[in-house]
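Use these hints to put chains B and C onto chain A, whose structure you have.
Protein chains in written order, with numbering that gives the first Met the number 0: chain A, 0 to 282; chain B, 0 to 385; chain C, 0 to 465.
Simulated from the structure, these hints should not be mistaken for laboratory data.
Among these hints, one or two may not hold up.
Listed below are the simulated DSS-like cross-link pairs for lysine-lysine, each with C-alpha atoms no more than 27 Å apart in a straight line [as the list claims (entries may be wrong)]:
1) C:Lys401 <-> B:Lys65
2) B:Lys31 <-> C:Lys169
3) C:Lys447 <-> A:Lys176
4) A:Lys219 <-> A:Lys42
5) B:Lys231 <-> A:Lys263
6) C:Lys169 <-> B:Lys146
7) C:Lys351 <-> C:Lys169
8) B:Lys355 <-> B:Lys177
9) A:Lys160 <-> C:Lys75
10) C:Lys170 <-> B:Lys156
11) C:Lys351 <-> A:Lys160
12) B:Lys175 <-> B:Lys31
13) B:Lys325 <-> B:Lys87
14) A:Lys125 <-> B:Lys348
15) B:Lys156 <-> C:Lys169
16) B:Lys65 <-> C:Lys447
Reference listing, derived: stretches of chain A covered by chain B, where coverage requires no fewer than 3 residues with Cβ under 8 Å from a Cβ of chain B [claimed, not checked]:
17) 73 to 85
18) 113 to 121
Counterexamples of contact, computed for chain C against chain A with all Cβ distances above 10 Å [as the list claims (entries may be wrong)]:
19) Arg108
20) Tyr150
21) Arg188
22) Leu297
23) Ile402
24) Gly412
The structure displayed is predicted, hence computed values, not measured ones.
We put the beta carbon where it would ideally sit given N, CA and C, even for glycine.
The lines below spell out each chain.
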Amino acid sequence: MSDYFAGIDIGSTMTKAVIMDTAGIIATVIGPTGPEQRRLANKVMEDALGQADLPLTSITFIVSTGYGRINVPFADRQLTEITCHGRGVSYFFPEARTIIDIGGQDSKAIKIDANGRPVDFVMNDKCAAGSGRFVEVIAEALGVELEEMGPLSLKSVNPIKISNICTVWAEQEITAKRVEGVPLQDIIAGIHESLAIRVSRLARRLKIEEKVILTGGGAKNPGLVKAVATQLEHELLVPPEPLLTGAVGAALLGRDLLARARAKGTVLETRERILTEIELFGS
Amino acid sequence: MTDKNSIIASKVEPLYRDYGARAREIAAQGRKVIGYVCSFVPLELITAAGCVPFRIRGDVAEPITKGDTLLETIVCPFYRSTFDLAVKGKYDFLTGVVIPHACDSMTRSFSVWSYSLNYPYFHFVNIPSVVDDSSFVFFNAELDAYKTSLEEFTGQKISDAAIAKAIKLHNDNRRKAKAIYAYRQSDPPMISGVELTKVMTVGTSLPIEESNALFDEVLAELQQRTAAPVKKGPRILFDAACVDNIELIELIEASGANVVVDTICNGTRDYFPLADEQGDPIDALSRRYLDGINCPKTYRTNTAGTFEGDCASRFGDIAALAKDYKVDGAVLYIYKYCDPFGFEVPARKAFYDALKVPVLYLEDMYSTGTIGQLSTRVQAFLEMIG
Amino acid sequence: MAEEQKKHKKRRTATEAAASIGPMVKEFIAGTVRARQEGQTKIAYTFIVCGHEEILSALGVLPLWTENFAGICGAKRDAERFLQRAESLGFSRSLCTYALCGLGFDQWREEAGEMPPDAPWGGQVRPDFMVSTGQILCDPRAKWYQAAQQYMPDVPIYNIDLPHPLFDPKKDHREVWGYYHKYLVAQYRGFIKFVEDITGNKMDYDRLAELVALSDKTWNLIDETYKLRAARPSPMGTGDAMNTMVPINFKMASQEAYDFFVNLNAELKEKIAKGEGECEDEKYRLMWGGGLPSWFALSDFNYFNSKGCSFPVETTYRMVMPLNEMDLPETNDPVEHLAWRWLGYWTFWFDKARKRPGSEPDVERLINWIEEYHIDGVVMHEAFSCRTWHVGLIWQLNQLAKIYKPIPVLTLGANGQQKKSNRELPSLILESDIIDISSYSEVDTRNKIDAFVETLESVRQTRVER
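Here chain A stands alone, though its shape is the one from the complex:
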């Protein structure tokens, strides 16, 4: 009988699910996180199973991670996104030693060893201006689609300097710049630089070692990737799908845990393979 492993990553902005077999990834799902995280966990699991054409009972081990990891009742184990990102990134880049993750509401930097195990980490989850949220707020203020922010900013030749450290003040500053007639791409490039400065300040609290990988929603923004690489003075590698490294890592860690248990002859506790109906409030 084949083994299948599932990883569910409930982030502050996006929820991701991944199913893997011993050969590789066989299903991936990405969707927005909402307030009903348990329902969402069920939904992405269902969608992933549909993609893989597998019943839930066939999944050998399930690991949940992310900010909402406690809201996955069918997960056999919960592990932090630090550990899962480390494992996931090293799957895509065995030479990775430093990971920088720019998420929707936080950013983090992780040092890993050759096996993808974290040896040190730093997190910034106290301030919107150090996360993807910063870019989102500005995109809205400028009336630009989030996906367009990157390509537009790459056209800039004269990025502006944002002097304020606060998202709200920065928004006021760029509105003033718009009124002055500063080109859109220069404003966006300035925003990216501002976030990149904060992120690289965070990352520098660890000793940066090659190879450096950028993950998270922020890594899908080519303008931001360029800005971070410039601030960090390091080449950055980006995984094929930067949002999935956490879920992939979670699935792989499940596989690792199972392999260790089998080698020792112990049995791992697993949860019932049911996606329980979630009662909605007020129903």
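What follows is chains B and C alone, placed relative to chain A:
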């Protein structure tokens, strides 16, 4: 899990939750209760004066409001909390407060405390910054002045014999505390970090004789314990300044680790150093409080000539604790805006590396609001060392 | 970066004396770089206000004022890279940013084996030893050098413990200052021995006595000179004083410092004779009542000037008081005198404060100078990274308002009738930092200043004429 009928559940818990209840009672009976915040305040003189020393606590669940109208927000967040509670009247039963020269947050806000609160007795004890021979001469004189101020306040002379008696009582308290700590050395420990922190915290809110009696009861019960209240897990050393609440320790233990020893002010920093019971009592206090206490606020000359040697001397007691309690990892927990500890972070981290003890460094405010953020970090750290 | 520097204009000074400071400091730093290269003179990292300039000078040691270097980085708006470097080592941004700048710079220099690129004015050279004193004045100082020693483990430190008694409204400080004095003297003597050992020089106590007499003289001259600023209009403001603090704090016990104030004294007298104020049209006289300045935003003082505000007096960096107003015990021993002078300075306002109900030395100083310099309002600055000088400012203004209401005003009472009452001086608290510019918003600061000027105006309009 603590048994409902245990001393800790029945006696310690209520005094931890309603902190100061006993002090309020004895103040109503006419005894003078004198508050302090910091391991550097010589308690024996307060006891020798016939008063009751009371360790002022903050409250992580109480948002700081009134205090901020008088005290800047760049002050140590724990100290801000204590001041906020004081101006809100939570410590109305005190007749005085003694503040030591321990850090700028305390020293620079002495006037703010003494002018904003109506206590009849306020005293500042000027603890030296260095440990030279001349420092002890100075400190002896400063302790005499402190003694005189207490005599003037109570209207009674304090004899050397009274101080010697107080030293013995406080030493007994420390020895009993250390005996309680010894129950953490087994694997798993026979007393959880949460339980012990409650016991130690409550101990500082009672008159010394009552604190001794309570510790005796706790020890008697621990002797009878056959089952550990916690499961085996990574053994953690909790390295911090004043952490007078269980929230973070509870989080660490809920994540599967055991906090087996600490360096905190209301923990080993208060309880482990003893005062000499022989010789001149003022001398004995002078030695204990200036040299016996290990706190970053005291500048110790680098006699080793190397960084590693200096660290080994400055943090030697941490190394001893790590060894005696067989720790697997350490949590270095520093308040934002804390100067004495803040400047030591790289040196402490290097020292833990040299000891081969993995360390999680957390910078925090003093509030339950950050517990979610701390949870991820603690769990990630435990996953790392597990 | 270039865009930022283009926009930032240097502050205009009111006096020529202040304008001469920039080149003076630049030359001083260059001197330390030369001395390091030549290797003949011992160089010591140290801090201002330790009462030890005479000792260092007598033993031939060249001091390198690390707070000054950080201030230079801040004024040049080139501190951020050093602050970030310190953060990357594990230091929290909430710590003294002078220290973070210094630590970041030192570690960079040590790791690179050379000065960081484009180091301001040639950079901060490696010292032979480091001298700190914290005690009451600033505790983090000792921690700063102790932390720096991690990156320079062969550089020894001497930490001089120099306490002074805190104010007690019910006690005369002279009851305790005897044993304080004894301790200070012991600490200074220990320091002298340490420096003798490192330099191989023996202390010449006659020379020391000469230097102490020179600095005594200079202290009195500085006080006399600054008192001239009480003239209307005030010829020199706090902006300039943040320059002229250099000879006070970095060149004390030197003929150069004494001569500087002789010249400044003459310059101020000349301006007063001509009726020249630091402000073209002086409308309001303000006191800088507390807080270290934002070194990157000294041009804000010109903004105040443009609104008709002058700053005749400040508490910051005015680290001398007239010896002829202190009743120090007599002694022929220069070290004992230094110790008495230290105590005399730190307890200067104690007697006066004890006589006024509700007063306290810092508050007493505010009241005395409000009257002496004819002050209309008080400005304070909260620098987030410095607890030493910025804790208690809110309370001081509070207490000042409670016990000192010198402005008679007419207000509308509940019954619609005009009534006379006394009110306190208007005050303003600005917030940012000493050198971390990311905490500063020029727009926000100037809005606050504008609002404050409007308050001053409205108080003046409701003021009852005497």
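Hint check results:
1. C:Lys401 <-> B:Lys65: With a Cα-Cα distance of about 18 Å, the restraint between Lys401 (chain C) and Lys65 (chain B) holds, given a limit of 27 Å.
2. B:Lys31 <-> C:Lys169: Since the Cα atoms of Lys31 (chain B) and Lys169 (chain C) sit roughly 20 Å apart, the hinted pair holds (cutoff 27 Å).
3. C:Lys447 <-> A:Lys176: Roughly 23 Å separates the two Cα atoms, so the pair holds.
4. A:Lys219 <-> A:Lys42: holds (24 Å)
5. B:Lys231 <-> A:Lys263: holds (19 Å)
6. C:Lys169 <-> B:Lys146: holds (16 Å)
7. C:Lys351 <-> C:Lys169: Within the cut-off at roughly 13 Å; holds.
8. B:Lys355 <-> B:Lys177: The hint holds at about 26 Å.
9. A:Lys160 <-> C:Lys75: holds (17 Å)
10. C:Lys170 <-> B:Lys156: holds (19 Å)
11. C:Lys351 <-> A:Lys160: With a Cα-Cα distance of about 51 Å, the restraint between Lys351 (chain C) and Lys160 (chain A) is violated, given a limit of 27 Å.
12. B:Lys175 <-> B:Lys31: holds (25 Å)
13. B:Lys325 <-> B:Lys87: violated (43 Å)
14. A:Lys125 <-> B:Lys348: holds (23 Å)
15. B:Lys156 <-> C:Lys169: Within the cut-off at roughly 19 Å; holds.
16. B:Lys65 <-> C:Lys447: Holds, because 24 Å separates the two Cα atoms, which is no more than 27 Å.
17. 73 to 85: holds (count 5)
18. 113 to 121: holds (count 4)
19. Arg108: About 18 Å separates Arg108 (chain C) from the closest Cβ of chain A, which puts it past 10 Å; holds.
20. Tyr150: Correct as stated: the minimum Cβ-Cβ distance to chain A is 15 Å, above 10 Å.
21. Arg188: It holds; Arg188 (chain C) is separated from chain A by about 43 Å at its closest Cβ, greater than 10 Å.
22. Leu297: holds (18 Å)
23. Ile402: Since the minimum Cβ distance to chain A is about 38 Å, Ile402 (chain C) lies beyond 10 Å and the statement holds.
24. Gly412: holds (41 Å)
Going through the hint list in order, the structure does not satisfy hints 11 and 13.
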